[in-house]
Amino acid sequence: MGKPIQFEQLQEELYHEKMDNGLNVYVLPKKGFNKTYATFTTKYGSIDNEFVPLGQEEMKKVPDGIAHFLEHKLFEKEDGDVFQQFGKQGASSNAFTSFTRTAYLFSSTSDAEKNLETLIDFVQEPYFTEKSVEKEKGIIGQEINMYDDNPDWRLYFGLIENMYEKHPVKIDIAGTVESISHITKDLLYECYHTFYHPSNMLLFVTGPVDPEGVLKQVRENQKKKTFEEPQTIKRPELSEKAEVDKKDEKLPMNVQSSKCLVGIKAKETGLSGEELLKKELTANLVLDVLFGKSSSHFQTMYSNGLIDDTFSYDYTEEETFGFAMIGGDTDQPEELAKQTKEILFKAREEGLDQERLNTAIKKRIGAFLRSVNSPEYIANQFTRYAFNDMNLFDVVPVLEQITKQDADALLQQFADEKQMTVFTVVPKKEDK
Amino acid sequence: MSFFQEKQTKLNGITVHTVKTDKYKTNTLVLKMMAPLKKENVTKRAILPFVLQRATERFRTTGDLRNHLDELYGASLFADLSKKGENQIITFRMEVANEKFLSEKTPLFEEAISLLSDILLRPLLKGSAFDEGIVKEEIRTLKQRIQAAYDDKMRYSNLRLVQEMCKNEPYALHVNGEKDQADDLTAENVYEYYQQVLKEDKLDLYLIGDFEEDAAGEMVKKYFDFSANTHAYPETEQASKQHVEEKEVIEEEDVKQGKLNIGYRTNCLYNDDSYFALQVFNGIFGGFSHSKLFINVREKASLAYYAASRVESHKGLLMVMSGIEVGNYDHAVSIIKEQMAAMKNGDFTDDDLNQTKGVIRNQLLETIDTSYGLSEILYQNVAANSERTFDELLDGISHVTKEEVVESASKIELDTIYFLKGKGAQNNG
Numbered sequence: 001m002g003k004p005i006q007f008e009q010l011q012e013e014l015y016h017e018k019m020d021n022g023l024n025v026y027v028l029p030k031k032g033f034n035k036t037y038a039t040f041t042t043k044y045g046s047i048d049n050e051f052v053p054l055g056q057e058e059m060k061k062v063p064d065g066i067a068h069f070l071e072h073k074l075f076e077k078e079d080g081d082v083f084q085q086f087g088k089q090g091a092s093s094n095a096f097t098s099f100t101r102t103a104y105l106f107s108s109t110s111d112a113e114k115n116l117e118t119l120i121d122f123v124q125e126p127y128f129t130e131k132s133v134e135k136e137k138g139i140i141g142q143e144i145n146m147y148d149d150n151p152d153w154r155l156y157f158g159l160i161e162n163m164y165e166k167h168p169v170k171i172d173i174a175g176t177v178e179s180i181s182h183i184t185k186d187l188l189y190e191c192y193h194t195f196y197h198p199s200n201m202l203l204f205v206t207g208p209v210d211p212e213g214v215l216k217q218v219r220e221n222q223k224k225k226t227f228e229e230p231q232t233i234k235r236p237e238l239s240e241k242a243e244v245d246k247k248d249e250k251l252p253m254n255v256q257s258s259k260c261l262v263g264i265k266a267k268e269t270g271l272s273g274e275e276l277l278k279k280e281l282t283a284n285l286v287l288d289v290l291f292g293k294s295s296s297h298f299q300t301m302y303s304n305g306l307i308d309d310t311f312s313y314d315y316t317e318e319e320t321f322g323f324a325m326i327g328g329d330t331d332q333p334e335e336l337a338k339q340t341k342e343i344l345f346k347a348r349e350e351g352l353d354q355e356r357l358n359t360a361i362k363k364r365i366g367a368f369l370r371s372v373n374s375p376e377y378i379a380n381q382f383t384r385y386a387f388n389d390m391n392l393f394d395v396v397p398v399l400e401q402i403t404k405q406d407a408d409a410l411l412q413q414f415a416d417e418k419q420m421t422v423f424t425v426v427p428k429k430e431d432k
Numbered sequence: 001m002s003f004f005q006e007k008q009t010k011l012n013g014i015t016v017h018t019v020k021t022d023k024y025k026t027n028t029l030v031l032k033m034m035a036p037l038k039k040e041n042v043t044k045r046a047i048l049p050f051v052l053q054r055a056t057e058r059f060r061t062t063g064d065l066r067n068h069l070d071e072l073y074g075a076s077l078f079a080d081l082s083k084k085g086e087n088q089i090i091t092f093r094m095e096v097a098n099e100k101f102l103s104e105k106t107p108l109f110e111e112a113i114s115l116l117s118d119i120l121l122r123p124l125l126k127g128s129a130f131d132e133g134i135v136k137e138e139i140r141t142l143k144q145r146i147q148a149a150y151d152d153k154m155r156y157s158n159l160r161l162v163q164e165m166c167k168n169e170p171y172a173l174h175v176n177g178e179k180d181q182a183d184d185l186t187a188e189n190v191y192e193y194y195q196q197v198l199k200e201d202k203l204d205l206y207l208i209g210d211f212e213e214d215a216a217g218e219m220v221k222k223y224f225d226f227s228a229n230t231h232a233y234p235e236t237e238q239a240s241k242q243h244v245e246e247k248e249v250i251e252e253e254d255v256k257q258g259k260l261n262i263g264y265r266t267n268c269l270y271n272d273d274s275y276f277a278l279q280v281f282n283g284i285f286g287g288f289s290h291s292k293l294f295i296n297v298r299e300k301a302s303l304a305y306y307a308a309s310r311v312e313s314h315k316g317l318l319m320v321m322s323g324i325e326v327g328n329y330d331h332a333v334s335i336i337k338e339q340m341a342a343m344k345n346g347d348f349t350d351d352d353l354n355q356t357k358g359v360i361r362n363q364l365l366e367t368i369d370t371s372y373g374l375s376e377i378l379y380q381n382v383a384a385n386s387e388r389t390f391d392e393l394l395d396g397i398s399h400v401t402k403e404e405v406v407e408s409a410s411k412i413e414l415d416t417i418y419f420l421k422g423k424g425a426q427n428n429g
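Residue numbers (the UniProt record's numbering), protein chains in the order written: chain A, 1 to 432; chain B, 1 to 429.
For the record, the hints were derived by calculation from the structure and aren't laboratory data. Hints are supplied without guarantee of correctness; some may be wrong.
Stated by the list, open to error - Listing some non-contacts, in silico: residues in chain A with all C-beta distances to chain B over 12 Å:
hint	residue
1	Leu54
2	Val82
3	Asp111
4	Glu136
5	Ser179
6	Asn200
7	Glu237
8	Lys247
9	Lys250
10	Ser295
11	Asp309
12	Lys362
13	Ser374
14	Glu400
Claimed, not checked - Result set (BS3-like, lysine-lysine): computed pairs, CA atoms no more than 30 Å apart in a straight line:
hint	chain 1	residue 1	chain 2	residue 2
15	A	Lys60	A	Lys250
16	A	Lys293	A	Lys278
17	B	Lys402	B	Lys167
18	A	Lys77	B	Lys241
19	A	Lys225	A	Lys418
20	A	Lys216	A	Lys185
21	B	Lys105	B	Lys241
22	A	Lys267	A	Lys250
23	B	Lys143	A	Lys429
24	A	Lys31	B	Lys136
25	B	Lys100	A	Lys404
26	B	Lys167	B	Lys256
27	B	Lys179	A	Lys293
28	A	Lys60	A	Lys114
29	A	Lys88	A	Lys170
30	A	Lys247	B	Lys402
31	A	Lys88	B	Lys300
32	A	Lys216	A	Lys31
33	A	Lys278	B	Lys105
34	A	Lys166	B	Lys143
35	A	Lys88	B	Lys344
36	A	Lys250	B	Lys300
37	A	Lys267	A	Lys338
38	A	Lys3	A	Lys60
39	B	Lys179	A	Lys429
40	A	Lys135	B	Lys423
Virtual Cβ for every residue (Gly too), placed ideally from N, Cα, C.
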């Protein structure tokens, strides 16, 4: 085991080891905390609906929602549910599927070692039966219905659908009741064996733990198991036009007030490492300067009744897709969309205010300190960053390098009508 | 070993609670303001924190105030409202970077205390009223906030259950106030209410982080310089139903998934000795993924994605919630009722009991890993007028016996079943 990586200013140290089978393990000791939090994540998410299965030659398309379905089913074992086992060991466990990742986790304040063993073993020992696959369709069907009734979720996905023509990011993570009806036990195993190879996974442990002990435990655990030779996973080229697919869509729903989001589709993707980190941070700074609560634009729109305190913005980018979202609840969705775009166009012409950019950087540094109080944040974000060859602990140094030139250059790409789209959820007219 | 040390001092009519810890990279300030829930004040009180956090004597526009927060390395400031029993509580929460992690040594903690005191004591005034423009804008936002509760059907059905169940009790009032009262709010009458708040509210300030406690006390004394120092908090009366009769309310909305919410009376409050047993009861019944509701409604019958219960500790309620296919209403209700009957019959094992205690302990210890969670746990005592330490809380849970769980189950009465069903959908019930 090598020396830990020191983050002096933060007073943190991070231990890392790559196991013989390719599994990356990270340990961040957190003294004074009661909770141990661990995530075991595979780089496999809802967008991976087409790939060459392990040991085969041909591209294969699998039903939408299968990564999420697999996440649910992995908890079931021959002798019952892993939830129960964690419960008996005083821990709580959970899992989530995003566009690009599936993560399994536990948190506990005792028996960390036993719980860690359970986490690694249950993820590495799949057990699927036809019967339990069928039963799960009812539960996930209800999960899909729940999200279908949620206007904020429909708004979010509606906007992504507007932006993308072909990219699978536009497909709901859980799939549809129809698509999941095609899932079988064999398909689950095929996905599992392709994507759950240790070389495609990352284990992150944080809490009041002994890092050497954790690494030793994982090493011994992995030695007991055999895996096939690691193979590069073949995914299709996700060709996607640069500009948005649809400009403007409205969805009538059973709501009292409208919800409106303006989306900006990233023109060029394919970045990784520090370049991606810098771009994502710059984009969020630009949005903060233009739309943050201290901005004059926010104040004016708030005073004019265009927005309320649900107004927010965010930019996120992964290897093959990226987008900004700006908006919230409003009585005047058209006016909100129009003004949001105008603010961006004007900033593109005039450039960003240097002083406000500096303040936004300061603000972001403070926000970073706030987030590293949270073991959940560190584990989840560290993993996401690592899968994109970025390092979470580079956030502050990279922030400090961002200049007005970077921000202005980004605005040139960003504030382009062809990249923008609007999605609105509107109140349904009563059909009495 | 104790998990933390809470020090309490009375300063200028505020109870100041400090917890010194080097766990966090930030320092946290939480100001809690408590008053009885009352129909005539509920909406004024709901708007008040949002008016106060808009501008102060020093920062006369919201832009200036927000910019000041950004300059303090993005200090965060949030206001929110909650209910604890028949009380309506305003919370201001600030979190600010600990300067020891920064190269620039700005006295951020003192700045934060000073700003929070400005927000409470030195708001922007126009004559003897708040700024009219600000109040008007906040009325609009308040109305949208009230409306938004109708758009999230999970929240909405829970809200409707509480309204039906607690008719004629203050608890039925929504923390965000009533939409039809919002238009009667003015810069004058909100200011008038604010003066009453300064005199009567029960004020508690939590300071959590790595700072010198004595120096912090001096800062509070200096900045929270109240002129009127009475804080004549009127004690609230616990309103509770005498006769509980089971009722069923079914409503229709345009939704895909039916929302089933069931309310029970626990006849047990945070203060009571049987509170620990009630928590354990809830854990076995529906609080966790090993609980009866999750196992039987979701895992065995495959009827729902979520099926859970939670306890309203200061009001004595137990709420069950689940999202189901409309046609499965009868089936789901009967499974839930069976699980309650099983609890009353003591139909659970020692393993269930011990596992649940372990998970509750875990949950409590995890809660105090965040500064906000810690302040919420400490505030339970203030809300309930009790002096239970955290160690007593852990101890209490660990000593609960099976008999005590059954005893607390026997006191639980079903009050209201609320079902929000889809329009035009089939209903076997």
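Hint check results:
1. Leu54: Since the minimum Cβ distance to chain B is about 31 Å, leucine 54 of chain A lies beyond 12 Å and the statement holds.
2. Val82: violated (10 Å)
3. Asp111: The claim breaks: aspartate 111 of chain A does not keep its Cβ more than 12 Å from every Cβ of chain B (closest is about 9 Å).
4. Glu136: At roughly 8 Å from the nearest Cβ of chain B, glutamate 136 of chain A sits no farther out than 12 Å, so the non-interface label is violated.
5. Ser179: holds (17 Å)
6. Asn200: holds (27 Å)
7. Glu237: The claim holds: glutamate 237 of chain A sits with its nearest Cβ about 35 Å from chain B, beyond 12 Å.
8. Lys247: holds (25 Å)
9. Lys250: Nearest chain B Cβ is 16 Å from lysine 250 of chain A, so the label holds.
10. Ser295: violated (8 Å)
11. Asp309: The claim breaks: aspartate 309 of chain A does not keep its Cβ more than 12 Å from every Cβ of chain B (closest is about 6 Å).
12. Lys362: Lysine 362 of chain A is in fact no farther than 12 Å from some Cβ atom of chain B, at 5 Å.
13. Ser374: violated (7 Å)
14. Glu400: Not fine: 10 Å to the nearest Cβ puts glutamate 400 of chain A too close to chain B.
15. A:Lys60 x A:Lys250: Roughly 34 Å separates the two Cα atoms, so the pair is violated.
16. A:Lys293 x A:Lys278: holds (23 Å)
17. B:Lys402 x B:Lys167: Given that 30 Å is the threshold and the Cα spacing comes to 34 Å, the pair is violated.
18. A:Lys77 x B:Lys241: violated (46 Å)
19. A:Lys225 x A:Lys418: At roughly 52 Å apart (the allowed maximum being 30 Å), lysine 418 of chain A and lysine 225 of chain A break the hint.
20. A:Lys216 x A:Lys185: violated (34 Å)
21. B:Lys105 x B:Lys241: violated (57 Å)
22. A:Lys267 x A:Lys250: With a Cα-Cα distance of about 24 Å, the restraint between lysine 267 of chain A and lysine 250 of chain A holds, given a limit of 30 Å.
23. B:Lys143 x A:Lys429: holds (20 Å)
24. A:Lys31 x B:Lys136: violated (48 Å)
25. B:Lys100 x A:Lys404: holds (28 Å)
26. B:Lys167 x B:Lys256: With Cα atoms ~28 Å apart, lysine 167 of chain B and lysine 256 of chain B stay inside 30 Å; holds.
27. B:Lys179 x A:Lys293: Between lysine 179 of chain B and lysine 293 of chain A the Cα gap is close to 26 Å, so the pair holds against 30 Å.
28. A:Lys60 x A:Lys114: violated (38 Å)
29. A:Lys88 x A:Lys170: Outside the cut-off at roughly 39 Å; violated.
30. A:Lys247 x B:Lys402: violated (62 Å)
31. A:Lys88 x B:Lys300: holds (19 Å)
32. A:Lys216 x A:Lys31: holds (20 Å)
33. A:Lys278 x B:Lys105: Since the Cα atoms of lysine 278 of chain A and lysine 105 of chain B sit roughly 26 Å apart, the hinted pair holds (cutoff 30 Å).
34. A:Lys166 x B:Lys143: Given pair lysine 166 of chain A, lysine 143 of chain B is violated - Cα atoms ~40 Å apart, limit 30 Å.
35. A:Lys88 x B:Lys344: Holds. Lysine 88 of chain A to lysine 344 of chain B sits at ~23 Å (cutoff 30 Å).
36. A:Lys250 x B:Lys300: violated (39 Å)
37. A:Lys267 x A:Lys338: It holds: about 21 Å lies between the C-alpha atoms, which stays within 30 Å.
38. A:Lys3 x A:Lys60: violated (43 Å)
39. B:Lys179 x A:Lys429: holds (21 Å)
40. A:Lys135 x B:Lys423: Answer holds: lysine 135 of chain A to lysine 423 of chain B is near 27 Å, not above 30 Å.
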